[in-house]
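Asker: Same order as they appear, the protein sequences are chains P and H. Each residue of the first sequence is one higher than the one before, starting from 1 at the first, in our numbering. Each residue of the second sequence is one higher than the one before, starting from 1001 at the first, in our numbering.
The hints are simulated quantities; they were obtained by calculation from the structure and are not laboratory data. Check each hint, because a few of them may be wrong.
[To be verified] So, partial list: chain P residues that the calculated Cβ filter (under 7 Å) puts toward chain H:
| hint | residue |
| --- | --- |
| 1 | PHE110 |
| 2 | ARG165 |
| 3 | ASP166 |
| 4 | GLY182 |
Model, not experiment: these values are computed from the prediction. All residues carry an ideal CB built from backbone N, CA and C; glycine is no exception.
The residues making up each chain are set out below.
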Amino acid sequence: MVRKLKPLVFLACLLPLGNLAWKGLRDELGANPIEVITHSTGLWTLIFLLLTLTVTPARKLLGLPELIRFRRMLGLFAFFYVCLHFVTYIWLDKFFDLHDMAKDVVKRPFITVGFTGFVLLIPLAVTSTRKMIQRLGGKRWQWLHRLIYLSAIAGVVHFYWLVKRDETLPLTYGGILVVLLGYRVIARLPSLVSRPQPNGPPLASPVSGVGRDSS
Amino acid sequence: MLLKKTPDALAGEVTDKKFYLNRRKFMLAAAGVGAAALTGDKLYRLLSPSELVRAGTKLDTAKKADFAGGEKETPYKDVTSYNNFYEFGTDKYSPSGEAPKYLHPRPWTVAVEGLVKKPKTYDIDSLLKLFPLEERIYRHRCVEGWSMVIPWLGFPLGSFIQQLQPASQAKFVEFTTLYDPKQMPGQTSSVLDWPYVEGLRLDEALNPLVLLAVGLYGEALPNQNGAPIRLVVPWKYGFKSIKSVVKIKFVESQPATTWNKAGPNEYGFYSNVNPEVDHPRWSQARERRIGELLKRKTLMFNGYGDQVASLYSGMDLRKNF
């Protein structure tokens, strides 16, 4: 089932890019296509981060542990879109002027926080292979990959700080993130109090999950 | 030094051609059928004054002047589809869809109030007859960091003010946009404090560059561009150029303006285009000219320093941003 669905989900994840490319080729991106591309890739980064963070609660609440097999793909798509977002910025906004970029990162809080969110995702993408999980060991790998929480928070703050006035959308994504992170806090509470499972936290078990996934 | 010429546009020729084709198409559409095309809109004016000057109606102009140093005009399609007009939605693509559906630029009145010898409410069509229309090509710089070159049609606000004879106590001019959530559905949201208000110091308002615009590209203003009448202040960020004006009031003290109220540390009362004073969240040193790939340097006073710098001599423009 999962095996069959995976290619479909993969293709679906490419739709936002396909849509941009299609509209771009037909000159339908409006008066300021670069702005549209920047906003769209940024938005999809955030959506994929939130989808990645939805996997664990969905597995538990829906009783569908096999959903874990989609998590790495969703996370890597978040990284894929953030790379596009960053390339758009460094190329079409900064024209590879690294000095200018560095000034931006230091001076503009919304860029500082967005850049941080991007950098935090790099080690996660690098260590997403089965080999890397084995090399790091499950527990350390799991700790490392909690960086996604910070990255998602950074993403929401980046979005919130950049809009001029209408904060509806960033607040919506912020709300979803609060729910997703809140679930994790609440799910951990009983284990903190009574420690019923000596084998580790009841949350995601990425080692077995991802391992099985890639076998 | 501040007024050095901008480098020539780097964009390709493709846009150019498209722009001319577009323009021709719109001109043709505007000219309409048969007799109208031959007799011009003078006949229209006589037959049905209230039907005159809706978007697409061709307007007569007495004078034409290029105030953008020969820079290429931004295509009509882009000027009329990429608009900040929060009364019709907070993104820039909504107004061109929403404004034509809701806003009725006729009948329309503009009230002149406050410290003035001749307060009066003007019907838009009689106001249009007071002064000959001029075409002026201006650079237009948005506070968000993009810009356009737009051939406006209108008359100098200064000529109008001189006729109105403001009292000596009048130091500022306050402009107000229509408030009618039925015509401007965005006003049902509380994203800004409605109605939209903007203001100029009286000497700024009298500067000959300031235009009361009623058209662009030779035609009446499309609704999304601020029909039927709007302000154009080319050396200030775009939001100062208030749209769909219903009231002009002469006052003694500095008016509370909409964006300034929304973000006092981000949008100053003056909001002169200034590459050296950044918006707290982004640089104003460069801008993306719509239709161009590379960003270009932003000019002090948007390139109009010769005409306006003296208005601010002795002022700290960092403080009075």
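Asker: Hint by hint, say whether it matches the structure.
Answerer: Structure-based check of each hint:
| no. | hint | result |
| --- | --- | --- |
| 1 | PHE110 | 6 Å, holds |
| 2 | ARG165 | 6 Å, holds |
| 3 | ASP166 | 4 Å, holds |
| 4 | GLY182 | 28 Å, violated |
Hint violations for this structure: number 4 only, all remaining hints satisfied.
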